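Trainee: Listed here are the chains, written in short residue letters.
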Amino acid sequence: MEKSHKMSTNPVAAPTNPFTREGREFGVAFLIMLVLIGVAPFVAYPFFVMQALCFALFASAFNLLIGYVGLLSFGHAMFLGSASYVCAHAAKVWGLEPELAILVGVACSAFLGLIAGALSIRSQGIYFAMITVALSQMIYFFCVEAPFTHGEDGIQAVPQGYVFGLIDLSKPTALYLFTAAIFLFGFLAVYRTVNSPFGEILKAIRENEPRAISLGYRVARYKLAAFVLSAALAGLAGATKAIVVQNASLTDVGFAMSGEVVLMTLLGGMGTLYGPVVGALVVVSMQNYLAQYGQWVTVIQGAVFVACVLLFRRGIVGEIGKALKWSI
Amino acid sequence: MFEIFGIPSQALFGQLLLGLINGSFYALLSLGLAVIFGMLNIINFTHGAQYMMGAFCAYLLLQYFGINYWAALVIVPIVIGVLGILIERLFLQHVSKLDHLYGLILTFGLALIIEGLFRNYYGSSGQPYQVPEALQGGRNLGFMFLPNYRAWVIVFSAFVCFSTWFTIEKTKLGAYLRAATENPALVRAFGVNVPRMITLTYGFGVGLAALAGVLAAPINQVRPGMGADIIAVVFAVVVIGGMGSILGSIVTGFVLGVVEGLTKVFYPEASNTVVFVIMAIVLLIKPAGLFGKVA
Chain A
2 MEKSHKMSTN
12 PVAAPTNPFT
22 REGREFGVAF
32 LIMLVLIGVA
42 PFVAYPFFVM
52 QALCFALFAS
62 AFNLLIGYVG
72 LLSFGHAMFL
82 GSASYVCAHA
92 AKVWGLEPEL
102 AILVGVACSA
112 FLGLIAGALS
122 IRSQGIYFAM
132 ITVALSQMIY
142 FFCVEAPFTH
152 GEDGIQAVPQ
162 GYVFGLIDLS
172 KPTALYLFTA
182 AIFLFGFLAV
192 YRTVNSPFGE
202 ILKAIRENEP
212 RAISLGYRVA
222 RYKLAAFVLS
232 AALAGLAGAT
242 KAIVVQNASL
252 TDVGFAMSGE
262 VVLMTLLGGM
272 GTLYGPVVGA
282 LVVVSMQNYL
292 AQYGQWVTVI
302 QGAVFVACVL
312 LFRRGIVGEI
322 GKALKWSI
Chain B
150 MFEIFGIPSQ
160 ALFGQLLLGL
170 INGSFYALLS
180 LGLAVIFGML
190 NIINFTHGAQ
200 YMMGAFCAYL
210 LLQYFGINYW
220 AALVIVPIVI
230 GVLGILIERL
240 FLQHVSKLDH
250 LYGLILTFGL
260 ALIIEGLFRN
270 YYGSSGQPYQ
280 VPEALQGGRN
290 LGFMFLPNYR
300 AWVIVFSAFV
310 CFSTWFTIEK
320 TKLGAYLRAA
330 TENPALVRAF
340 GVNVPRMITL
350 TYGFGVGLAA
360 LAGVLAAPIN
370 QVRPGMGADI
380 IAVVFAVVVI
390 GGMGSILGSI
400 VTGFVLGVVE
410 GLTKVFYPEA
420 SNTVVFVIMA
430 IVLLIKPAGL
440 FGKVA
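Residue numbers (the numbering used here), protein chains in the order written: chain A, 2 to 329; chain B, 150 to 444.
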């Protein structure tokens, strides 16, 4: 298969050095994002912005796999949802502080990622996608049956608590800063991974797996490591979301959520750092503002999928980057 | 009436029968997926939606045109198959040269559109569909009560599966199909119209899904969500069977249906997850699936 036909159309150069052109472009885009995060709660409903940040982190984690390793996971909701449940349970029933509850959630999703990855990583392309669909459906049914998730009701009234026993998260400003800090941490973790020697190997695997194997890389281990990292970051998003919205429900672990994260990343731009963030913002706003139209949201989402695949596979950020000749 | 492992025979064989019924649908659907994958190299995520459309098409034909079950059994697969051909011509042919994953994403998007539209007009609740008169009632076999319609579904889908297998593996048309799967350029050089063959194959695979939908209509209620509910299980069936073999997907479909039915008797809590657990075990032992050649 020719390179141009590969899943990701935006191989990003390594902009680690701020004095290179790529480094400057990434830096400018990052500053713009920081300013927007700072201004957003004053122009939009802060609760909505916090949710968007959680989904942006979720999509960035997903993009780490599809954009930089070329693995399409169609079951990423299992990591978001399980971490969300475990974090909510830890905060509510065990009475852990929010940062510890989130850590427990992340550990759980990373462990789940290790198992799911070990099962699926040996399969290629479409098989990999189908296996992730099936595994996430299994987790979904587990969450329906397991007593601690409370079935249809979910875990409600999750306490927000005090971070490090000091900062009261029930105060809107503190909660917003906390969420923004976690998002930035996750975003920079993805950035750091992608621009590390490890990330270069991942990209090599995406471009030409047999060649990477012939160069002596243990491809399966690199893929598994990327999968676990992606699962952990998706879990971080899910756990944080549980603290922000104060509940965990079946929606987070359901199949529709797995589809939505694909949509966010595809629409924003696969294999771009800012694409998933933009895509998440668009999809979450779409759901928010079109909620009154009921099932038409699903129809519109489907139409966006079709349009993205047929007309602009680079996504919003990919197209902007191409127009400006920027590597963002 | 007697008992097996402390379970009344009625309950055991009743669930076994239900399992066989579900197995028939799994077999028909995974067979369609396998046929489409063989020619187009696309996993047809729209398959569940097309199964649902099959059931709805039968329901609408009866409701508005008074067309009965038997006619629907012929008309519906053709109508939905033609719609499938339109989808292939309008959308799928444009992604055939791209990474296969784009095909998966595209068909997922189409499934969302179709299901969203049906949910808009019919809500989430089910529409009833009467069992055709000739197949109402049932017979007592001594150890269980066998409703006629259910026996018909099992026999008929086994027949359809077998015919499909026979056509692909044993006839000249099937030989062309298999050759075109192996090496489309060479088959084209022999003067066979491969793009048309691809289009018709997609139409046929979709027709199988629609047929399963018609068969399911009198058993389950006709609901917009019925396709989305079944597609993940069918994917798992395909992974367990492996994509290499037509016969493999048929056998796996029936067997897993039965296993699921038995789980409902002995450990009901796990009945929803058993297929996925089996998939995980098979992946550990044989990553290519039970009948597959390459992972």
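Note that these hints are calculated values from the structure, not bench results. Be aware that one or more of the hints could be misleading.
What the hints assert, rightly or not - Pairs of lysine-lysine residues, derived as DSS-like cross-links and limited to a Cα-Cα distance of at most 25 Å, are as follows:
(1) A:204 to A:93
(2) B:246 to A:323
(3) A:204 to B:321
(4) A:204 to A:326
(5) A:323 to A:204
Given the structure is predicted, the values throughout are model-derived calculations rather than measurements.
Trainee: Going straight from one Cα to the other, do residue 204 of chain A and residue 321 of chain B come out at no more than 25 Å?
Mentor: violated, 45 Å
Trainee: Would the hint linking residue 204 of chain A and residue 93 of chain A be met if the CA-CA limit is 25 Å?
Mentor: violated, 41 Å
Trainee: Is residue 246 of chain B within 25 Å of residue 323 of chain A, Cα to Cα?
Mentor: Status holds; Cα separation ~23 Å.
Trainee: Holds or violated: are the alpha carbons of residue 204 of chain A and residue 326 of chain A at most 25 Å from each other?
Mentor: Roughly 21 Å between the alpha carbons, so the hint for residue 204 of chain A and residue 326 of chain A holds.
Trainee: Take a quick look at whether residue 323 of chain A and residue 204 of chain A sit within 25 Å of each other, Cα to Cα.
Mentor: holds, 20 Å
Of the numbered hints stated above, those contradicted by the structure are hints 1 and 3, listed in ascending order.
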